[in-house]
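Chain by chain, the residues run as shown.
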Amino acid sequence: MKYKDYYQILGISRNATQDEVKKAYRKLARQYHPDISKESGAEAKFKEIGEANEVLKDPEKRKAYDQLGSYQPGQEFRPPPDWEESFGPGTRYYEFSGGDLGGFSDFFFGLFGSGMGRQASARPSRAHFSINGQDFETNIQIYLEEAYRGTMRTMQMEVPEITPDGGIKRTPKNITVRIPKGATDGQRLRVKGKGGKGLHGGHDGDLYLNISIKPHHTFRVNGHDLYVTLPVTPWEAALGAKIEILAVEQKILLTIKPGAQSGQKLRIAGKGLPKPKGGSGDLYAVLQIANPSTLTATEKSLYETLAKNSSFNPRTSLK
Amino acid sequence: MKKKDICDAEFFHYEEKTVSFSELTKISGLGGDILEELIEFGVFEPEEGESPDSWIFSSYTITMARKALKLKVDFDLLPAGIAIALTYQKRIRELEKRIKELECQLMR
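Top to bottom, those sequences are chains A and B.
The first sequence begins at 1 in our numbering and counts up by one.
The second sequence begins at 1001 in our numbering and counts up by one.
Be aware that a few hints might be false.
[To be verified] Within a straight-line C-alpha distance of at most 20 Å, the following computed PhoX-like cross-link-like pairs (lysine-lysine) qualify:
#1 A:Lys265 <-> B:Lys1100
#2 A:Lys38 <-> A:Lys2
#3 A:Lys271 <-> A:Lys181
#4 B:Lys1100 <-> A:Lys38
#5 A:Lys192 <-> A:Lys242
#6 A:Lys45 <-> B:Lys1070
Everything labelled a hint here was simulated from the structure, so no lab data went into it.
Fair warning: this is a prediction, and the values are worked out from it, not measured in the lab.
With the hints as constraints, model all of the structure from the sequences given.
In structure tokens form, the structure reads like this:
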């Protein structure tokens, strides 16, 4: 396992008071809590901060940690045998604050155990409880085209398992999941039984997949509805037109009625993304009247004729 | 790849299952007294029942209760603080949804 410098993680000196530990933790927790921060990597950082706090806030764990001495962060490390004899998880029971220990490092569990296993059998009142496995969750990005058809993803999960001596072993496992068609941006899917292992007859946890759709160059996704900007010429907007577009995997003929306005939304029912229980969302084409940036002599002359002959004034409300 | 090696991700609805008050306490890890306070603050609402013995919750409440436990442990929050944090989170989610809807309608 690799050594972790908990003091460095919290940005405090090794002789910091318990009050300084608390203050440093609070400040960083507020900054990196996954429910607050949208920064990438905030969740991993928060787990690291939580682990450092779990050790340094508890005088007993802090003392045991301090006894190890100081190493370079990330340095390969084994607790010395005399430390194991005096402070190891087999010799004493460490209290855990009851939060989410799932993200803690092998280093932490190597030093303090998991609060289960060997210690649990020494505390019979705990051993009788069945403990359900932890639920895991992970983020998966798919392409819009994959949302139409469904897709597969293989991911590597590190599943922590409690060893008979109360430690934690993490084994990397490849899991391939089939994502059904109908999944869309912001959807949460469940893979049953692929979370943490249950103990003493408890259920295995589930794996939750948070689906997001990669931004598409043409279509915007809102639930199962799709939005597309449809540029039209001023004369198509004025006179009406029939326009064919390719909506991901299907050709659609749109009818623009005469007198169409910029920003007007055309709803094409049932041409959005497929829904899980059948049917589909809608496609919205938002009209954008596009003018040629340079005019040919003929176009210019036609516009001038139009300007002379039209009494249309779009600014009556501004007078 | 063998067919059995592939796991199916499934759609699910939080409402498909319900839990009793005591189950909710056990599954979420939150104490019964804190849960009762959060119910008083209106953070969780029982689907049915007048008292803890008869309360029934949608299983979505489990997710919320776990979030509440995380806030309690990570920030040492009291029930009133947890209630405010969860209420703001809900409000932020609603606003983000609305922004997303409006962004989709913007022309690019």
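Practice problem: Check each numbered hint against the structure and report the violated ones by number, ascending. | Solution: 2, 5
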